[in-house]
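Student: Residues per chain, in single letters:
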Amino acid sequence: MPVALAVPDLLVARAQAGDEAALEALFRAFETPVYNVARRMLRSAEDAEDVLQETFLEVVRSIRQYRGEGHLWGWIRRIAATKALMRIRRDQLRVAEPLDEEPVGRPTMHVGANIDLERAFEHLSDTSRSVVWLHDVEGYTHEEIAELMGKSVSFSKSQLARAHARLRRMLGEGAHA
Amino acid sequence: MMHCTMDDLVALRAGEASVWARQHVETCAACRAELDALYQRVAQLKALPALRPARDRWPVVREAARGQRMRRHRTWGAWSIAAAAALAGVLLLRPSTNVRAELVQAKQQSATLEDQLQRYDVEGRVLSGRAAALVAELEDRIAVIDGDLTRRGATATGGGTGTQDAELVKLWQQRVGLMQELVNVRATRARYVGL
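For the record, the sequence lines run as chains A and B.
With this note's numbering applied, the first sequence covers 1 to 177.
With this note's numbering applied, the second sequence covers 1001 to 1195.
In case anyone wonders, no lab produced these hints; they're calculated from the structure.
Glycine included, every Cβ here is placed at the ideal spot set by N, Cα and C.
Check each hint, because a few of them may be wrong.
Now the in silico label distances, taken between C-beta atoms and shown as ranges [unchecked claim]:
# : chain 1 : residue 1 : chain 2 : residue 2 : range
1 : B       : 1137      : A       : 64        : 15 to 21 Å
2 : B       : 1166      : A       : 20        : 37 to 43 Å
3 : B       : 1023      : A       : 118       : 33 to 39 Å
4 : B       : 1062      : A       : 141       : 21 to 27 Å
5 : B       : 1047      : A       : 152       : 28 to 34 Å
6 : B       : 1167      : A       : 20        : 51 to 57 Å
7 : B       : 1014      : A       : 91        : 25 to 31 Å
8 : A       : 90        : B       : 1070      : 49 to 55 Å
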């Protein structure tokens, strides 16, 4: 998603001072991009809304610690990604789903079915979807993803390749396997 | 004929492919097509429309922000270290019970920890999600104790009956314990934002 989310320094300073109107302005500015990242990483819309809420609760708590290094959107997005990944880990622990495998019990895509990319993307595991979205769309490096996930760089790289191989199969693309 | 794997294609896109893969894709039309398809897939992912939340979550966030402001107002700042120290001096010069001395000590410890916490707040750090949840829980528990202390009208001195003072000591000591945990979380689990 293109990010044109620059906010005036004055607005940030007012938010840091606890100005409620400024905090709401920040919420309105970043509400959709935060939700979008969370929704692309998580399967459920409700979970994504919860991550949106948790992210801004953290922003409200920690905005005084933001000192202008890097883009504010980068700072907020990292909080959102961390919270979404925490939720994924929690759900995986709950259902004992291995981190790097496709979940059991989900309707399987017929290999070669001609479906659109968005639907195919939805059928990836939460972990694969997160890696693809953070790397290919949000521009995170494998090193950053590995740090966020508490995994190795090679884990991130292999997840990305496996996810693209699955997407390719689901989309019925390509000349060879 | 051996073709590029998806690992090779992803590495080619990242400019990290092996010499073999780079040379192969120059001569193999099928692998070039696969690489093009990969580029197109990524471009299509980037072009997906932004999804928007169905419900407005701002009211919940706003209430939390208001609660946080109220907690901050209730907390003791650095000024209270001096106040508590002065009080300690007064009480220690008078014949006093152990309970009162313990009360003064707990207040001093609490004020010192508040001061430490304020210093962590300005270090430009951000917490992981897990640590943030822990901080929120600790802050909520401290707020409950603060509310209890305020109801008892006991934020300044003891001076009640022996039983009342003993209860105050217990509350202040609980507060010190929670504050210590909060400081530990801030000190050991906060991370610099590397963005």
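Student: Now tell me if each hint is right for this structure.
Tutor: Against the structure, the hints:
no.	hint	result
1	B:1137 to A:64: 15 to 21 Å	holds (20 Å)
2	B:1166 to A:20: 37 to 43 Å	holds (41 Å)
3	B:1023 to A:118: 33 to 39 Å	holds (35 Å)
4	B:1062 to A:141: 21 to 27 Å	violated (35 Å)
5	B:1047 to A:152: 28 to 34 Å	holds (31 Å)
6	B:1167 to A:20: 51 to 57 Å	violated (36 Å)
7	B:1014 to A:91: 25 to 31 Å	holds (30 Å)
8	A:90 to B:1070: 49 to 55 Å	violated (30 Å)
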